[in-house]
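Trainee: Sequence:
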Amino acid sequence: MSRAAPQRKFCLPSAHRPFRAFPEPRRRTTESTTNDPTNALPSPLFVPILFTMKYSLAPFILRRPWLASFFKPVASWYTNAAGYRQLGLRYDDLLEEENDTAQKALKRLSAKESYERIYRIRRAVQCSYQHKLLPKEQWVTQQSDARYLQPVIDEVNAEAAEKEELDTITVIRKH
Numbered sequence: 001m002s003r004a005a006p007q008r009k010f011c012l013p014s015a016h017r018p019f020r021a022f023p024e025p026r027r028r029t030t031e032s033t034t035n036d037p038t039n040a041l042p043s044p045l046f047v048p049i050l051f052t053m054k055y056s057l058a059p060f061i062l063r064r065p066w067l068a069s070f071f072k073p074v075a076s077w078y079t080n081a082a083g084y085r086q087l088g089l090r091y092d093d094l095l096e097e098e099n100d101t102a103q104k105a106l107k108r109l110s111a112k113e114s115y116e117r118i119y120r121i122r123r124a125v126q127c128s129y130q131h132k133l134l135p136k137e138q139w140v141t142q143q144s145d146a147r148y149l150q151p152v153i154d155e156v157n158a159e160a161a162e163k164e165e166l167d168t169i170t171v172i173r174k175h
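Counting in full-length UniProt numbering, the sequence shown runs from 1 upward without gaps.
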């Protein structure tokens, strides 16, 4: 009879263990049951939630003219630093098109606008492959960088909300 060799667990040395993005949370001790702020740490998943783009500060800033006038040059600088205008792209060309709402909105664009969008994206990809920018006269200006897809997306979202509201309507029968 042959006996099978026992399975050995393979463990990497500490220097070769994978890097942890979030350190292990400190455990509460049984000695301290008070509300000690050093003992109450947020969970590791709490940190990324703080930095998601779920909430926008834009309405808060736009309601205050002095704050809007402060952020206007910063926003303009950031938009130019993003570099998509130097590649001939408009802001709505960068929107994620993998969701159903964007797909419906793209189907509703006119043939001319759809063709121009595809042309801008292909030209930007070609510039990216060549590691070159477009000539300065072909850059998209701030005035020509108008939103063309977002109004259609808002319309699709409004229709979806209306459809959801009509689908969940309850009928009350009166006898």
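These aren't lab readings, by the way, just hints derived from the structure by calculation. Treat the hints loosely; a few may be bogus.
[Unchecked claim] Okay, derived cross-link-like pairs now, DSSO-like style, lysine-lysine, Cα gap no bigger than 27 Å in a straight line:
hint, residue 1, residue 2
1, LYS72, LYS174
2, LYS112, LYS136
3, LYS163, LYS104
4, LYS174, LYS107
5, LYS174, LYS163
[What the hints assert, rightly or not] FRET-style restraints, in silico, Cβ to Cβ:
hint, residue 1, residue 2, range
6, GLN130, PRO151, 31 to 37 Å
7, PRO151, PHE60, 20 to 26 Å
8, ILE61, ASN157, 41 to 47 Å
Every residue gets a Cβ at the ideal spot worked out from N, C-alpha and C, and that includes glycine.
Trainee: Could you run down the list of hints and mark each one as holding or not?
Mentor: Hint by hint, here is what the structure shows:
1. LYS72 / LYS174: 57 Å, violated
2. LYS112 / LYS136: Holds, at roughly 24 Å.
3. LYS163 / LYS104: 15 Å, holds
4. LYS174 / LYS107: Distance ~44 Å between LYS174 and LYS107 Cα, so the pair is violated.
5. LYS174 / LYS163: 25 Å, holds
6. GLN130 / PRO151: 31 to 37 Å: Between GLN130 and PRO151, where Cβ atoms are some 33 Å apart, the hint holds.
7. PRO151 / PHE60: 20 to 26 Å: Distance hint for PRO151, PHE60 holds at roughly 23 Å.
8. ILE61 / ASN157: 41 to 47 Å: At roughly 23 Å between Cβ atoms, ASN157 and ILE61 fall outside 41 to 47 Å, so the hint is violated.
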